[in-house]
Amino acid sequence: AQSVTQLDSQVPVFEEAPVELRCNYSSSVSVYLFWYVQYPNQGLQLLLKYLSGSTLVKGINGFEAEFNKSQTSFHLRKPSVHISDTAEYFCAVSEDYGGSQGNLIFGKGTKLSVKP
Amino acid sequence: DVKVTQSSRYLVKRTGEKVFLECVQDMDHENMFWYRQDPGLGLRLIYFSYDVKMKEKGDIPEGYSVSREKKERFSLILESASTNQTSMYLCASRPETFTFEETQYFGPGTRLLVL
Chain A
1 AQSVTQLDSQ VPVFEEAPVE LRCNYSSSVS VYLFWYVQYP NQGLQLLLKY LSGSTLVKGI
61 NGFEAEFNKS QTSFHLRKPS VHISDTAEYF CAVSEDYGGS QGNLIFGKGT KLSVKP
Chain B
117 DVKVTQSSRY LVKRTGEKVF LECVQDMDHE NMFWYRQDPG LGLRLIYFSY DVKMKEKGDI
177 PEGYSVSREK KERFSLILES ASTNQTSMYL CASRPETFTF EETQYFGPGT RLLVL
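Just so you know, the sequences run in chain order A and B. The C-terminal position of the first sequence is numbered 116 in the working numbering, with every residue numbered one higher than the one before it. The C-terminal position of the second sequence is numbered 231 in the working numbering, with every residue numbered one higher than the one before it.
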């Protein structure tokens with residue numbers, strides 16, 4: 001069965017510092033990987049996704065993520081964060097095979113807090 | 117832009133009441149989903165629907181039911197609300213594709229408090 005582990009529940013950083021939010025998954029088949037962001041009192045919006053091809057994926061707001069099949073990881077990075085990046089970030093996986101229903105399995109979320 | 121709307125942002129109900137949460141999407145998506153979000157637990161799938169009048173149980177369906185009479189509308193029903201159903205409820209929709217690469221589009225959420 002699939003599972004997604006976000007290793008840090010909270011990550012505090014100072015403005016303009018780099019940040020990495022970690023995500024590991026378990027699955028016996030090929031997967032699609034997603035990062036979503038949730039700003040306070042809002043729904044989730046897609047940051048980026050990995051389907052196939054290049055393992056480095058670029059998303060909105062300067063975020064990028066790298067798919068590492070051997071490590072079963074999909075860590076999210078940003079070289080310089082802004083106050084407006086304060087939000088909760090969710091990693092999600094769906095399996096790519098005919099028997100799957102393609103539903104997303106979410107991690108428990110990482111709260112990024114950017115301080116001035 | 118895809119728009120997913122939920123009927124209420126905040127809702128306060130009493131234990132034992134029947135509660136309806138409505139979700140509407142305007143992009144003719146076949147698939148719709150209901151999640152609940154609780155601190156430290158992430159998002160958990162309650163029910164989903166692949167087409168009109170079709171529904172499938174998710175990971176935590178107990179205490180909930182759903183209705184999808186029209187393609188654009190997916191309703192979540194709490195037959196008899198209980199305090200442990202106090203939560204944030206998120207609706208999402210997704211176009212039907214064979215290989216599931218499409219993202220889900222989320223509504224803004226309904227924060228339900230059951231007293």
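Take the hints with a grain of salt, since some may be wrong.
Here are the simulated lysine to any residue pairs, SDA-like style, with alpha carbons at most 25 Å apart [said to hold, decoys possible]:
hint, chain 1, residue 1, chain 2, residue 2
1, B, LYS187, A, LYS115
2, A, LYS111, B, LYS129
3, A, LYS49, B, SER165
4, A, LYS49, B, LYS129
5, A, LYS111, B, GLN201
6, A, LYS115, A, LYS69
7, B, LYS129, A, THR86
8, A, LYS49, B, TYR126
9, A, LYS111, B, THR202
Hints are computed from structural coordinates only; laboratory data are not their basis.
* Asked: Any hints this thing doesn't respect? Which numbers, in order?
  -> 1, 2, 4, 6, 7 and 8
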